[in-house]
Structure formats: C-alpha cells, structure tokens
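Kindly generate the complete structure, drawing on both the sequences and the hints.
Top to bottom, those sequences are chains A and B.
Taking the working numbering, I'd label the letters of the first sequence as residues 5 to 413.
Taking the working numbering, I'd label the letters of the second sequence as residues 29 to 282.
Since the hints were made in silico from the structure, they are not lab data.
The structure presented is a predicted model; accordingly, all values stated were derived computationally and were not measured.
Any given hint might turn out to be false.
With a Cα cut of at most 27 Å, we get these calculated BS3-like pairs of lysine-lysine [to be verified]:
#	chain 1	residue 1	chain 2	residue 2
1	B	Lys247	B	Lys30
2	A	Lys259	A	Lys41
3	A	Lys195	A	Lys153
4	B	Lys118	A	Lys53
5	A	Lys47	A	Lys63
6	B	Lys89	A	Lys41
7	B	Lys174	B	Lys30
8	A	Lys374	B	Lys89
9	B	Lys30	A	Lys53
10	B	Lys208	B	Lys30
11	A	Lys63	B	Lys89
12	B	Lys89	A	Lys47
13	A	Lys259	A	Lys195
14	B	Lys258	B	Lys242
15	A	Lys47	B	Lys208
16	A	Lys47	B	Lys174
17	B	Lys89	A	Lys53
18	B	Lys89	B	Lys46
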Amino acid sequence: MPSNKSVSDAPIVQFTNCRILRSHQLQREDLWVREGKILNPEKLFFDEKGSADIQLDCKDSIIAPGFIDVQINGGFGVDFSLATDDFKSGIDLVSQKILSHGVTSFCPTLVTSPPSVYHQVLPQLSIRNGGAHGAGILGAHLEGPFISKEKKGAHPEHCLRTFEAGAFQDLLATYGSLDCVRIVTLAPEMKRSSEVIRELTQRGICVSLGHSVANLAQAEEAVQHGATFITHLFNAMLPFHHRDPGIVGLLTSDKIPAGRRVFYGMISDGIHTNPAALRIAHRAHPKGLVLVTDAIAGMGLAPGRHTLGQQVVEIDGLNTYIAGTKTLSGSVATMDTCVRHFQEATGCSVETALEAASLHPAQLLGIEHKKGTLNYDSDADFLMLNDDLYVQATYIAGEEVWRQDALGM
Amino acid sequence: MKLVILETYAQASEWAAKYIRNRIVHFGPGPGRFFTLGLPTGLPRDHPESYHSFMWNNFFKHIDISAENVHILDGNAPDLQAECDAFEEKIKAAGGIELFVGGIGPDGHIAFNEPGSSLVSRTRVKTLAMDTILANARFFDGDLSKVPTMALTVGVGTVMDAREVMILITGAHKAFALYKAIEEGVNHMWTVSAFQQHPNTVFVCDEEATLELKVKTVKYFKGLMLVHNKLVEPLYSMKAAGAESSQAKKPYSD
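In structure tokens:
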C-alpha cells in the first residue's frame with residue numbers, strides 16, 4: 005500500500021515477524037524505518053494515513069540496537085596507535101570489518117604514545133556516520149599517556165607523562181587537538197587532575213579513570229569533578245580492598261552526584277576478568293556496565309606477533325600478552341563474542357546483555373536520544389540476531405550493510 | 029436475542045472474534061463494498077493520544093486496514109456538535125453499520141449513553157456519570173481532576189440502526205447490568221435494554237456475568253450452544269463462498 009506523500013516521499017520499510025528490544029524488553033512488534041530513522045507507525049497511521057511500502061519478514065529474529073564499542077585499539081592487522089600515512093585506509097578497513105561483529109558505532113582508541121603520534125594521527129581522524137562503508141566513528145578514545153607508572157599494563161613507560169606543570173595546557177600540547185576526541189582515560193591521583201577533568205568535561209569530553217593506583221576518595225573526587233567512566237574495571241587498577249575499595253568502589257559509592265551515573269567498561273572475553281568478578285560487578289551496579297572489546301591489531305587475524313603502539317604483542321588463542329611476558333595487552337575478542345560470554349557468565353537476560361553493548365555506551369556518551377535504542381526517531385542502526393545472539397545482519401540508517409551468508413563469514 | 033454463554037473471559041473473547049470473522053467473510057467485502065464495523069468510543073475523546081493508542085495497539089496494527097477507512101470521533105474539533113452530525117453522515121455514506129460491537133457499563137450503559145440517555149439519541153456530546161469518571165481514572169494516573177467530564181458518543185438510536193449488534197459482557201461486576209438489560213423491561217436507566225427491540229442482537233458473556241440471571245434463562249441459552257457454535261465454525265474461503273450469499277444464513281430465527 006502506498007504511503008501518503010504529503011510528509012515525505014521516502015519509502016517506508018516495515019520489518020515484521022521479529023522481536024524488538026524496546027523499553028528493556030523483547031517485544032513482539034514490527035519495526036518501521038523511514039529515511040534512516042525509526043518511525044512511529046501509530047503517528048504514520050493516524051496523522052499521515054500512511055502505510056508501509058516494503059514489508060520484510062525477519063523470520064522471528066531478534067532485532068536489537070547496533071553495538072557501540074568505546075574501546076577498540078585496532079584489528080585485522082591495523083593498529084590505531086601506529087603513525088602511518090595510511091591511517092585512513094586502516095580505520096576504513098576496521099570500521100568495515102566490525103560490521104560483522106554487530107558494531108555500528110565505535111571510538112577508535114589510541115594507547116599511550118609519544119606526542120608525535122597524536123599530532124600525526126588525530127588530524128587524520130574524523131567523526132562520521134556509518135553506512136555501507138563501515139561503522140560510524142564517534143570520536144577517539146585516548147587511553148593515556150597521563151596514567152600511573154605502577155599500572156601501565158602494556159603501555160610503554162617512556163611515553164608516560166604528567167600534567168603537573170601546566171595541567172590542561174600540558175594535555176593539549178601532548179594531544180595537539182581535541183576536536184575529534186570523545187573519551188580520555190587518565191589516572192586521577194595525578195597532581196592537578198581535578199582541573200584537567202573539569203576542563204575536559206566542560207568541552208563535552210568523557211573522562212574515564214583507569215591505569216591508576218587511586219584510592220576510593222581520589223576516585224570519588226574525580227567523579228565530583230566530572231569523570232563518568234572507568235576503563236576496563238579491575239584491570240590496571242588497585243584490587244578491591246574492604247577498607248579501601250579503590251576505583252572499584254565507585255560501583256557502590258554514595259558520593260556520586262545526584263542524577264549522575266558512573267559507567268564502567270568490562271572486557272568480557274573470559275580472560276581479562278574471572279566470570280565470578282564479572283558477576284560481582286554486574287550485580288553491584290548492573291545499569292553501569294558497558295561491554296568493550298579493547299581489541300588490538302591481532303583481532304581477526306591468526307595467532308602470532310603483532311604491534312600495539314610502541315610494543316610487540318603475542319597472540320595465543322584468545323590471550324594476548326606483551327611478547328615474552330604474561331602481561332595482558334588488549335584482547336582479540338569480538339563484540340558479539342563479548343555479548344554472548346557476558347550473557348552466559350552472568351546468566352542475565354538477553355535484553356540485559358544486549359543493552360550492555362548498546363544502550364549503556366550510548367548513555368555514557370550522552371547520545372541515547374539517537375543511538376543505542378530502537379525508540380522512535382532514533383537512528384536506525386540495528387542488528388538481526390538469532391536466539392543464541394549470533395549476528396545475522398547489520399543495518400545502519402535503515403540500510404543493510406552486512407549479512408551472514410549461508411556459508412558463514 | 030442470542031445469549032451466548034462461554035465459561036471464561038478468554039473463551040468469550042475467542043467466540044466473539046470468530047463470530048465477527050465469519051460475519052465479515054460471509055458479507056464478502058471488496059473494492060467499493062465495505063463491511064462497516066462500529067465500535068463505541070472507549071475513552072473520552074479529549075485525550076486523542078490515549079484513545080488512538082488503545083485502538084492502534086489492540087486492533088489497527090494487527091490488521092491491514094488502510095487509515096482512510098478509519099473514522100474516529102474527534103474530541104478536539106472546534107464545533108463538537110457539527111463533528112457529531114458529520115459522523116452520522118459518514119455512517120450513512122458508508123451504507124450504515126453492518127455490525128456494531130460494544131460492551132456494557134456496570135450501570136448498563138452502551139457507549140457513553142449514561143442512565144437517562146434517550147433511547148432514540150444520536151451521536152452527541154455527553155456528560156459522563158461519576159461511575160464512568162472513576163472507571164476512567166486509571167488512564168489518567170488515578171488523578172480524578174484530569175479525567176475529562178464530557179465525551180462524544182454514538183447514540184442509542186445510532187446503534188439501533190446497525191443491522192446487527194453484538195454486546196460483550198464479562199465479569200461479575202457486569203452481572204447486575206446484564207440482568208437489567210435482558211430480564212427486565214426496556215428502560216432508559218439501563219440503556220442496553222433498548223436492544224430488546226432490535227431484530228438482530230447477540231450477547232456474548234462469560235459465566236461470571238450470568239450470576240444475576242435466572243437459572244432458567246441460563247439453562248435455556250446454554251442448551252442452545254450447539255446451535256450457537258455453528259455460527260463460529262470456520263467458513264470456506266471467500267472465493268469458494270462466492271458473492272452470491274450476502275445474507276447470513278441463520279439456522280433458526282430469533
């Protein structure tokens with residue numbers, strides 16, 4: 005049946021025979037899309053007297069909002085922290101390949117690097133919408149170099165810095181430009197971090213605490229000044245102690261300003277965190293859990309040696325270590341694997357698992373009015389999944405950008 | 029009348045749905061030949077969102093009806109009486125209502141024709157009884173001050189003009205109203221009683237709703253269920269039935 009042309013000429017697509025994730029539940033409803041956005045069929049019916057132009061049978065799939073990965077260092081041989089002239093084609097490759105993992109938006113992450121790398125790489129990065137070419141880029145996540153020496157993990161020590169001298173100006177000089185920066189991870193126990201956190205927050209940049217030996221009081225102060233995220237909880241921070249829970253204590257802290265929520269990234273690949281620890285975090289603060297991959301260049305490639313910024317790392321199965329050591333350095337997990345593992349390990353509902361990879365990162369970045377949900381007028385970035393949470397098809401702005409073919413990919 | 033008694037709410041709903049389906053198929057609608065289904069305004073029309081949402085979520089989104097064929101009284105129209113008169117005209121233009129499906133209020137009202145409404149009334153603006161306002165409060169977060177006190181409604185006369193009327197009555201709280209409607213006389217205090225004078229009425233109810241009826245009445249109509257159930261048996265496809273039989277064949281007369 006033709007749609008009423010008075011409001012818009014664009015074709016209306018109705019996805020039927022599906023269960024959509026809406027209002028935290030899987031509901032048996034149809035999904036309506038027009039001009040790259042989720043359409044309200046009731047308004048269409050009564051106000052425009054319109055109807056669908058195309059109806060697609062989804063064969064009882066689950067339809068969920070596209071996944072958002074806020075910590076991914078590279079993949080498929082591409083390392084975002086490597087200053088090459090070819091940065092653009094590297095990012096294009098990764099953004100295209102991760103569509104098959106269900107990721108429709110991401111924050112390319114740069115690990116601790118010398119200023120020259122930031123000055124060369126960041127200007128080549130641009131925030132852009134996703135599409136058939138690949139997942140959308142929301143902005144860079146700069147993890148370091150303003151982090152703690154004791155908890156540097158796989159980050160190179162010689163590149164670590166402080167902002168004791170010039171606070172925010174030091175940070176700006178190191179990175180060069182903050183135009184396309186979305187998240188900055190830093191250690192809040194560093195001197196003058198409060199000023200820096202306030203400055204970054206005022207510019208709309210999300211501040212994350214990580215690679216730090218801060219105690220709970222220091223972490224809480226950082227949150228008062230605007231920090232809203234914790235980088236890969238448990239990893240690269242002091243372990244939970246019952247008299248000083250450290251950064252982990254933010255999950256149940258009573259000093260979080262009213263109306264704010266602290267989110268925390270979890271790499272649920274089964275290696276970075278013991279499932280029991282994952283469960284403890286999830287049960288303590290389920291609404292703050294954000295699934296991240298922290299994937300490195302070796303993700304999607306065969307086991308062996310790869311680079312991660314200034315370091316060489318070795319992949320063995322799902323484990324990635326700094327070559328020759330047992331220090332974990334990133335992961336090779338894909339986002340959909342993380343979602344499945346999270347669901348299995350915690351026994352949570354399918355809805356909760358899917359929201360940890362879509363709604364929560366969108367809320368963290370303050371974009372849940374257009375990403376991370378299937379609410380009316382949101383961007384139509386969504387996935388078709390089977391009951392075991394394997395991605396069957398990926399859609400960005402209402403267009404199919406990836407489909408699982410019969411032979412598998 | 030036919031009084032169809034099913035055991036539970038779910039069974040009564042299913043019976044009614046199948047009956048409506050059979051009526052539509054038997055009628056053989058097609059381009060230019062519309063089956064006009066009448067429904068009462070469920071909620072005061074001042075809140076178009078709530079009523080539209082209710083009809084959308086419970087009916088329209090599940091069927092392939094085109095929006096042009098949906099006519100809902102608009103409580104926000106500048107001239108309410110003109111809106112009501114226009115509605116009556118639309119019904120005439122559509123060839124009259126083929127089947128009107130409605131419920132009954134605890135005070136025996138049909139649509140918003142509260143006790144005291146004229147039994148020959150047409151579509152008009154009605155002031156709502158306190159009972160109705162209380163019942164509707166749940167759609168306005170329990171805040172009585174927010175519940176509209178006026179509503180647009182089809183009249184008793186309007187519904188009487190329909191070629192067939194089906195009334196759904198379920199639950200013990202409707203039992204007294206059902207008793208007044210079918211075992212007592214025609215009375216404008218219980219407006220549903222007007223349908224005693226309609227040639228073609230079906231009352232569908234569950235056991236609970238029969239609690240105030242005479243045992244004799246209930247036994248009589250339950251005994252007719254074998255015949256009643258023939259009315260909801262699946263029909264052959266519209267193609268097979270053909271356009272010849274436009275009259276519903278009744279196995280017995282009222």
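- prompt: Can you list which hints this structure breaks, lowest number first?
  reply: 2, 7, 9, 15
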